[in-house]
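Chains A and B, in that order, are what the protein sequence lines are.
Using UniProt numbering, the letters of the first sequence correspond one by one to residues 1 to 350.
Using UniProt numbering, the letters of the second sequence correspond one by one to residues 1 to 558.
Restricting the straight-line Cα-Cα distance to at most 16 Å, the calculated cross-link-like pairs of lysine to aspartate or glutamate (EDC-like) are:
#1 Lys313/A <-> Glu246/A
#2 Lys356/B <-> Glu61/A
#3 Lys192/A <-> Glu469/B
One-sided excerpt, in silico: chain A residues whose CB lies under 10 Å from chain B:
#4 Arg53
#5 Glu61
#6 Leu181
Worth flagging that the hints you see were computed from the coordinates, not collected in a lab.
In this text, a Cβ means the ideal position worked out from N, Cα and C, and glycines have one as well.
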Amino acid sequence: MNELLNNILFLPEQASTFAERVDNLHIFVVTVTMLSSLAVGTAALYFFFRYRRRTPEQLTEYVIPSVKTEFLFVSLPLIFFLTWFVIGFRDFVFVTTPPKDAMDVYVMGKQWMWKFAYPEGPNGVNVLHVPANRPVRLLITSRDVLHSFFVPAFRIKMDAVPGRYTQTWFEATKPGTYQILCTEYCGLSHSKMLGEVVVLSPEEWDAWLKEQRRGDLANRQDALADLSLAPQPARMAEQGQKVAAEVGCFKCHTVNGEPHIGPTFLGLYGRQETLQDGSAIRADEAYITQSMMDPGAHLVTGYANAMPTFQGKLTGPQTAAIVEYIKTLRTPDIRTTGASQGPVYEPIQQ
Amino acid sequence: MSPSSSSIAAEPGAVPAPGEHHDHHPSYLVDGTTVKSWLLTLDHKRIGVMYLIWVLLFFLVGGIYALVVRLELLTPGPTIVDAMTYNRAFTMHGVVMIFLFMIPAIPGAFGNFMLPLMLGAKDVAFPRLNLLSLYLLLSGAAIAIWGMLNGGMDTGWTFYTPYSTHTTTTVAPILFGAFIIGFSSIATGLNFIVTTHTMRAPGITWFRMPLFVWAMYATACIQVLATPVLGLVLLLVVGEQLFQFGIFDPARGGDPVLFQHLFWFYSHPAVYIMVLPAFGVMSEVVAAFSRKNIFGYRAVAFSSLGIAFVGFFAWGHHMFVSGQSTFNAGVFAVLTMLVGVFTAIKVFNWVGTVYKGAVDFKTPFAYFCGFLYFTVFGGMTGVAFATASLDVPWHDTYFVVAHFHFIMVGATIMAFMAALHYWFPKMFGKTYHEGWGLVSAALIILGFNATFIPQFLLGNAGMPRRYYEYPERFQTLNVASTTGATLLAFGFLITAIYLTYSLVYGEKASSNPWNSRGYEWLTESPPPTHNFIGPQPVYTDEPHFYVDREKAEVPDAV
Ligand code: HEM
Ligand SMILES: [Cu+2]
Numbered sequence: 001m002n003e004l005l006n007n008i009l010f011l012p013e014q015a016s017t018f019a020e021r022v023d024n025l026h027i028f029v030v031t032v033t034m035l036s037s038l039a040v041g042t043a044a045l046y047f048f049f050r051y052r053r054r055t056p057e058q059l060t061e062y063v064i065p066s067v068k069t070e071f072l073f074v075s076l077p078l079i080f081f082l083t084w085f086v087i088g089f090r091d092f093v094f095v096t097t098p099p100k101d102a103m104d105v106y107v108m109g110k111q112w113m114w115k116f117a118y119p120e121g122p123n124g125v126n127v128l129h130v131p132a133n134r135p136v137r138l139l140i141t142s143r144d145v146l147h148s149f150f151v152p153a154f155r156i157k158m159d160a161v162p163g164r165y166t167q168t169w170f171e172a173t174k175p176g177t178y179q180i181l182c183t184e185y186c187g188l189s190h191s192k193m194l195g196e197v198v199v200l201s202p203e204e205w206d207a208w209l210k211e212q213r214r215g216d217l218a219n220r221q222d223a224l225a226d227l228s229l230a231p232q233p234a235r236m237a238e239q240g241q242k243v244a245a246e247v248g249c250f251k252c253h254t255v256n257g258e259p260h261i262g263p264t265f266l267g268l269y270g271r272q273e274t275l276q277d278g279s280a281i282r283a284d285e286a287y288i289t290q291s292m293m294d295p296g297a298h299l300v301t302g303y304a305n306a307m308p309t310f311q312g313k314l315t316g317p318q319t320a321a322i323v324e325y326i327k328t329l330r331t332p333d334i335r336t337t338g339a340s341q342g343p344v345y346e347p348i349q350q
Numbered sequence: 001m002s003p004s005s006s007s008i009a010a011e012p013g014a015v016p017a018p019g020e021h022h023d024h025h026p027s028y029l030v031d032g033t034t035v036k037s038w039l040l041t042l043d044h045k046r047i048g049v050m051y052l053i054w055v056l057l058f059f060l061v062g063g064i065y066a067l068v069v070r071l072e073l074l075t076p077g078p079t080i081v082d083a084m085t086y087n088r089a090f091t092m093h094g095v096v097m098i099f100l101f102m103i104p105a106i107p108g109a110f111g112n113f114m115l116p117l118m119l120g121a122k123d124v125a126f127p128r129l130n131l132l133s134l135y136l137l138l139s140g141a142a143i144a145i146w147g148m149l150n151g152g153m154d155t156g157w158t159f160y161t162p163y164s165t166h167t168t169t170t171v172a173p174i175l176f177g178a179f180i181i182g183f184s185s186i187a188t189g190l191n192f193i194v195t196t197h198t199m200r201a202p203g204i205t206w207f208r209m210p211l212f213v214w215a216m217y218a219t220a221c222i223q224v225l226a227t228p229v230l231g232l233v234l235l236l237v238v239g240e241q242l243f244q245f246g247i248f249d250p251a252r253g254g255d256p257v258l259f260q261h262l263f264w265f266y267s268h269p270a271v272y273i274m275v276l277p278a279f280g281v282m283s284e285v286v287a288a289f290s291r292k293n294i295f296g297y298r299a300v301a302f303s304s305l306g307i308a309f310v311g312f313f314a315w316g317h318h319m320f321v322s323g324q325s326t327f328n329a330g331v332f333a334v335l336t337m338l339v340g341v342f343t344a345i346k347v348f349n350w351v352g353t354v355y356k357g358a359v360d361f362k363t364p365f366a367y368f369c370g371f372l373y374f375t376v377f378g379g380m381t382g383v384a385f386a387t388a389s390l391d392v393p394w395h396d397t398y399f400v401v402a403h404f405h406f407i408m409v410g411a412t413i414m415a416f417m418a419a420l421h422y423w424f425p426k427m428f429g430k431t432y433h434e435g436w437g438l439v440s441a442a443l444i445i446l447g448f449n450a451t452f453i454p455q456f457l458l459g460n461a462g463m464p465r466r467y468y469e470y471p472e473r474f475q476t477l478n479v480a481s482t483t484g485a486t487l488l489a490f491g492f493l494i495t496a497i498y499l500t501y502s503l504v505y506g507e508k509a510s511s512n513p514w515n516s517r518g519y520e521w522l523t524e525s526p527p528p529t530h531n532f533i534g535p536q537p538v539y540t541d542e543p544h545f546y547v548d549r550e551k552a553e554v555p556d557a558v
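Make a model of the complete structure from these sequences and hints.
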């Protein structure tokens with residue numbers, strides 16, 4: 001029965017403890033709404049037919065409602081609405097009050113990606129790993145403008161407000177992959193600010209955690225102190241960002257998606273660029289490197305040939321680091337099906 | 001005219017000018033035919049007609065943006081425009097529809113025209129202010145449209161900071177335009193309040209005022225009290241963008257949620273600025289076409305004031321998921337429900353008015369039926385939102401878009417169309433074609449449902465609003481919605497055609513073609529310049545009094 005109603009109402013699958021509670025109220029509200037509209041509609045329809053006009057000048061009786069009728073008009077909706085409120089508010093308190101034993105994850109919205117950081121472990125972009133059947137508290141903030149963290153299958157949503165932390169929580173009920181959407185308009189690529197929650201079974205979760213602890217030291221908070229370790233991709237990216245800032249890339253290129261004097265770095269890696277001669281080229285490592293060394297070789301439409309060459313100004317490792325940095329600035333595409341490719345590691349404060 | 005010279009009844013019946021036949025005063029339409037006589041007129045009826053022309057034009061502009069948005073959403077990926085154009089299109093759709101159509105439409109066009117007629121007055125209290133408010137609206141519109149053509153804005157009509165102060169698009173002129181339009185709204189409201197207080201003809205006591213006047217009065221109170229808040233907040237945003245004030249931007253020590261509080265403190269009551277006039281129109285229409293006194297006149301009148309009042313305390317329901325405290329959410333949830341209760345009172349009383357009536361199913365009545373349905377359904381979804389827990393998944397999804405199009409847009413458009421047809425003979429002295437009227441009403445009501453019911457379901461499925469691209473699973477419902485929008489556009493097109501045709505070739509209407517007992521029908525159609533010729537009508541009954549005095553015992557003074 002509920003299954004059927006959920007299909008009629010196009011509700012997504014229920015994958016959290018909150019989802020079920022919300023849907024039950026949802027169905028109750030829909031039923032009451034339908035029945036009362038039907039009642040009003042039927043009454044109106046009956047009156048329209050029963051009291052059709054016979055002559056253009058027809059007069060009518062003077063009818064005014066009794067106090068009792070008016071009282072009924074007020075109390076009937078009030079009773080229904082208050083019932084909804086009582087149930088709804090109880091559920092609202094439930095979702096705004098994380099259990100004490102909840103596991104914390106920090107969430108940061110940023111044009112246009114979601115970054116996750118676990119207090120004791122790894123960081124991730126756009127993919128949030130959580131264990132099933134364990135409450136998870138999300139501490140949410142934003143780096144730039146308002147965003148809103150929404151997982152339809154969990155029926156939870158919370159705004160990401162710059163300058164503040166907001167919180168919400170959920171307890172996923174079954175392993176699987178669920179979409180994260182941004183529901184607060186945040187600019188050009190708002191609709192591409194997607195991610196996913198990967199809910200793991202307890203065993204998978206343990207294995208995943210272990211793996212995170214084992215390898216990439218650079219991704220661990222405590223490892224950040226030790227910078228002398230062998231280069232890791234994430235470290236390289238960090239260096240690349242530093243170098244790019246030093247040599248002045250950001251005078252002309254933004255990393256937030258807005259075009260400036262030059263094209264933005266956000267999402268540049270892997271992008272198809274249309275060139276001024278009409279051809280297209282994929283921005284891979286080679287193309288990015290060439291753009292630094294010989295900027296005039298492939299001019300992107302809409303931009304002047306204004307970039308100086310960095311030939312001789314950047315060492316090989318520095319160039320590589322910048323390329324690595326640009327590679328981290330991508331917003332993965334919508335993945336509605338198929339398995340997750342795992343997190344892209346990146347320190348949360350970059 | 002100063003507000004003190006309200007003693008219309010004391011004025012002798014207008015003396016016919018020499019050479020003019022006694023009952024042949026020129027109607028306001030032909031009393032002066034130069035362009036200047038229109039543009040600089042102080043006649044509330046001409047000002048009302050000019051409002052009507054402009055808001056229809058703005059409706060067309062907003063409608064074109066709507067179709068761009070809807071067509072773009074036909075496929076999951078890019079369809080007809082790029083992301084930036086799309087973002088500007090839905091922003092301008094919202095801005096134009098709200099500030100240039102919905103808010104001025106019924107008060108500006110029909111309020112201006114009908115309010116003095118319904119009060120037995122010769123004009124509004126401040127005719128010059130009235131003309132000024134039209135030109136303020138047009139100047140604001142001109143500035144905003146200049147901004148639209150020079151870059152446009154991509155913030156959504158809610159202008160949420162810090163995005164609106166960070167975006168590189170042209171925010172300042174559009175916000176400044178909206179700021180000026182606010183003054184127009186305040187001036188109209190002020191004028192109506194003073195007119196209602198000081199210019200009622202003898203016999204029109206407060207409880208004999210037509211319900212449209214009550215609704216306009218309640219609306220005017222909101223306009224005067226809430227609009228300054230919007231003006232203030234828009235100026236602050238412009239200041240923040242141009243001079244880096246740091247009021248809303250946390251990077252400068254500001255608070256982005258403060259903006260939401262200030263914005264919704266205006267914009268939530270603004271919803272009632274749009275919908276209360278609609279309620280007023282519908283009270284007139286249902287009485288006229290049922291030939292019945294309004295069932296529960298006082299309840300309907302007071303519920304308008306009630307909605308206006310609690311409307312000020314409901315703004316917090318826009319922020320259930322913005323980090324507001326749980327306690328606040330509970331308080332705002334309950335306060336919001338009171339709006340639902342007041343609306344329910346109206347709905348029941350409207351249905352009660354039909355009871356034992358004499359129903360004539362004409363075009364305005366068809367729109368009344370559509371209106372009843374949109375109000376009940378849209379209103380109930382509003383209360384559903386206010387239950388807090390349901391708002392969590394629905395907030396900022398297409399469910400919201402569908403909800404406010406049902407209650408705010410649906411109800412208002414139904415009322416606007418009903419008013420257009422009901423008062424068409426009064427305003428222009430011509431009749432329209434009833435058959436076409438019913439056909440297009442059916443099309444519009446159907447189109448509306450086909451457009452927005454799929455959007456309710458999209459919201460359930462989890463599609464966020466303001467999405468340029470969407471996951472493929474949402475496509476079927478989007479296609480359905482776009483189909484509905486096309487149907488809707490078609491309905492409006494037909495109306496535009498036959499009404500324009502009737503304006504030129506329509507049969508001459510009698511002075512009271514509906515046999516209505518609304519006060520505005522006590523004069524000619526179209527009315528002469530000073531509204532009434534000859535002795536002032538005598539008001540001894542409430543409006544819409546279709547009772548046989550001889551046979552029935554009715555209370556004397558209400
Ligand atoms: C032809 C009929 C209409 C259609 C097909 C239509 C369609 C739409 C669509 C698709 C959106 C975009 C929602 C989003 O991106 O989240 C929208 C938003 C909106 N519409 Fe309409 N609409 C119509 C009429 C109206 C009217 C008559 C009004 C008001 C008088 C109105 C007011 C709004 C508002 C306030 C928004 C929100 C804008 C925003 O999200 O920034 N619409 N409409
Ligand atoms: Cu967003």
